[in-house]
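What follows is the residue order along each chain.
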Amino acid sequence: EAQVTQNPRYLITVTGKKLTVTCSQNMNHEYMSWYRQDPGLGLRQIYYSMNVEVTDKGDVPEGYKVSRKEKRNFPLILESPSPNQTSLYFCASSFQLAGATQYFGPGTRLTVL
Amino acid sequence: AQSVTQPDIHITVSEGASLELRCNYSYGATPYLFWYVQSPGQGLQLLLKYFSGDTLVQGIKGFEAEFKRSQSSFNLRKPSVHWSDAAEYFCAVGVKNFNKFYFGSGTKLNVKP
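For the record, the sequence lines run as chains A and B.
Here our numbering is used: the first residue of the first sequence is 1387, the next is one more, and so on.
Here our numbering is used: the first residue of the second sequence is 377, the next is one more, and so on.
Simulated from the structure, these hints should not be mistaken for laboratory data.
Some clues are possibly wrong.
Below, simulated DSS-like cross-link-like pairs (lysine-lysine); rule was C-alpha separation at most 30 Å, straight line [what the hints assert, rightly or not]:
#1 A:1443 x A:1455
#2 A:1443 x A:1403
#3 B:444 x B:484
#4 B:425 x A:1457
#5 A:1455 x B:484
#6 A:1457 x A:1403
#7 B:476 x A:1443
#8 A:1404 x A:1451
#9 B:476 x B:437
#10 A:1443 x B:437
#11 A:1457 x A:1404
#12 A:1455 x A:1403
#13 B:488 x B:437
#14 B:476 x B:444
#15 B:476 x B:425
#16 B:476 x A:1457
#17 B:425 x B:484
#18 B:437 x B:425
#19 A:1443 x B:425
#20 B:488 x B:476
#21 A:1451 x B:476
#22 A:1457 x A:1443
#23 A:1404 x A:1455
#24 A:1404 x B:476
Not the full set, but computed from the structure, chain B residues with beta-carbon under 10 Å of chain A [to be verified]:
#25 392
#26 403
#27 406
#28 457
#29 467
#30 476
Note that the Cβ used here is the ideal one computed from N, Cα and C, for glycine as well.
Work out the full structure: start from the sequences and follow the hints.
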């Protein structure tokens, strides 16, 4: 089954404790992206990757890191989480962008205390 | 700066009634336009998209949207709403060779029996 998976689905952590949210897709997509969703703000793009070793900032990259060492995986790293990073996070992937449909993962709900 | 505006935060319609959800964007050129739906606790699913050509586009689940360049709008419509359409709807634009995406803040649709 074609899908985007994220782990963990739920995470409660404390300020400053490094964490990684994994994202994996089995559709051989070149493009992958991370978003955060906050009430009243919709989804905001954090980082995106056009292919292996090619990443770029979205609208709200501060406090986040990403890497794209393999085509299928695009982890989101919070080196020193803060409470304002409490949010619902979505990973998405698609084929090359022209005409592409993004497929979204199920989301990761992160709470930083 | 690019922006996407969905002026209606909540909309309630009766089952069987028609629906129109508004979306306006701000961008120097014609972007790629999308409508996504998010059911409670789920990720996002693409309803339809516009790239070029016919300004009236058909999507899944009986939805359609019309691109109006003069109004910078891309409103979503459905002639007869079903109870299962209750969800949150997001308008989005793709810019910068479609690597960057901007989402509106969403419109929550309630459907009355």
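Each hint tested on the structure:
1. For a cut-off of 30 Å, the pair hint linking residue 1443 (chain A) to residue 1455 (chain A) stands: about 17 Å separates their Cα positions.
2. Between residue 1443 (chain A) and residue 1403 (chain A) the alpha-carbon distance is near 23 Å, which keeps this suggested pair within the 30 Å criterion.
3. Taking the CA atoms of residue 444 (chain B) and residue 484 (chain B), the gap is about 23 Å. The hint holds against a cut of 30 Å.
4. A hinted pair counts as satisfied when its Cα atoms are at most 30 Å apart, and residue 425 (chain B) with residue 1457 (chain A) qualifies at roughly 26 Å.
5. Taking the CA atoms of residue 1455 (chain A) and residue 484 (chain B), the gap is about 38 Å. The hint is violated against a cut of 30 Å.
6. Simply put, residue 1457 (chain A) and residue 1403 (chain A) have alpha-carbon atoms about 27 Å apart, close enough for the 30 Å limit, and the pair holds.
7. Using a Cα cut-off of 30 Å, the hinted pair residue 476 (chain B) and residue 1443 (chain A) holds, with the two alpha carbons roughly 9 Å apart.
8. Between the alpha carbons of residue 1404 (chain A) and residue 1451 (chain A) the distance comes to roughly 11 Å, so the proposed pair stays at or under 30 Å and holds.
9. Simply put, residue 476 (chain B) and residue 437 (chain B) have alpha-carbon atoms about 27 Å apart, close enough for the 30 Å limit, and the pair holds.
10. Taking the CA atoms of residue 1443 (chain A) and residue 437 (chain B), the gap is near 34 Å; set against the 30 Å cutoff, the hint is violated.
11. A distance of roughly 24 Å separates the Cα atoms of residue 1457 (chain A) and residue 1404 (chain A); the hinted pair therefore holds under the 30 Å criterion.
12. The suggested pairing of residue 1455 (chain A) with residue 1403 (chain A) holds, with an alpha-carbon distance near 23 Å, which does not exceed 30 Å.
13. Of the pairs offered as hints, the one joining residue 488 (chain B) and residue 437 (chain B) holds, with about 18 Å between alpha carbons and a cut-off of 30 Å not exceeded.
14. Annotation: proposed proximity of residue 476 (chain B) to residue 444 (chain B) holds, straight-line Cα distance about 22 Å (limit 30 Å).
15. This hinted pair checks out: residue 476 (chain B) and residue 425 (chain B) have alpha carbons roughly 15 Å apart, not beyond 30 Å.
16. Distance check on the hinted pair: residue 476 (chain B) and residue 1457 (chain A) sit about 19 Å apart at the alpha-carbon level, within 30 Å; holds.
17. Distance restraint check for residue 425 (chain B) and residue 484 (chain B): the Cα-Cα separation of roughly 20 Å lies within the 30 Å cut-off, and the hinted pair is therefore satisfied.
18. With a C-alpha separation of about 14 Å, the suggested pair residue 437 (chain B) and residue 425 (chain B) falls inside the 30 Å cut-off, and the hint holds.
19. Simply put, residue 1443 (chain A) and residue 425 (chain B) have alpha-carbon atoms about 24 Å apart, close enough for the 30 Å limit, and the pair holds.
20. Proximity of residue 488 (chain B) to residue 476 (chain B) is assessed by CA-CA distance (about 36 Å); at most 30 Å being required, the pair is judged violated.
21. Of the pairs offered as hints, the one joining residue 1451 (chain A) and residue 476 (chain B) holds, with about 17 Å between alpha carbons and a cut-off of 30 Å not exceeded.
22. Pair hint residue 1457 (chain A) plus residue 1443 (chain A) holds up; C-alpha atoms about 18 Å apart against a cutoff of 30 Å.
23. In summary, the hint linking residue 1404 (chain A) to residue 1455 (chain A) is supported, as the alpha carbons are separated by about 20 Å, within the 30 Å threshold.
24. The hinted pair formed by residue 1404 (chain A) and residue 476 (chain B) meets the criterion: a straight-line CA distance of about 27 Å does not exceed 30 Å.
25. The criterion of a C-beta within 10 Å of any C-beta in chain A is not met by residue 392 (chain B), whose closest approach is roughly 29 Å, and the hint is violated.
26. Here the hint on residue 403 (chain B) is broken, as its CB sits about 14 Å from the closest CB of chain A, past 10 Å.
27. The interface hint given for residue 406 (chain B) is broken, as the beta carbon of that residue sits about 14 Å from the closest beta carbon of chain A, more than 10 Å.
28. For residue 457 (chain B), the interface hint is violated, the least distance from its beta-carbon to any beta-carbon of chain A being 22 Å, above 10 Å.
29. Against a cut-off of 10 Å between C-beta atoms, the interface hint on residue 467 (chain B) holds, since the closest Cβ of chain A lies about 9 Å away.
30. At a threshold of 10 Å, the smallest CB-CB gap from residue 476 (chain B) to chain A is about 6 Å, leaving the interface hint in force.
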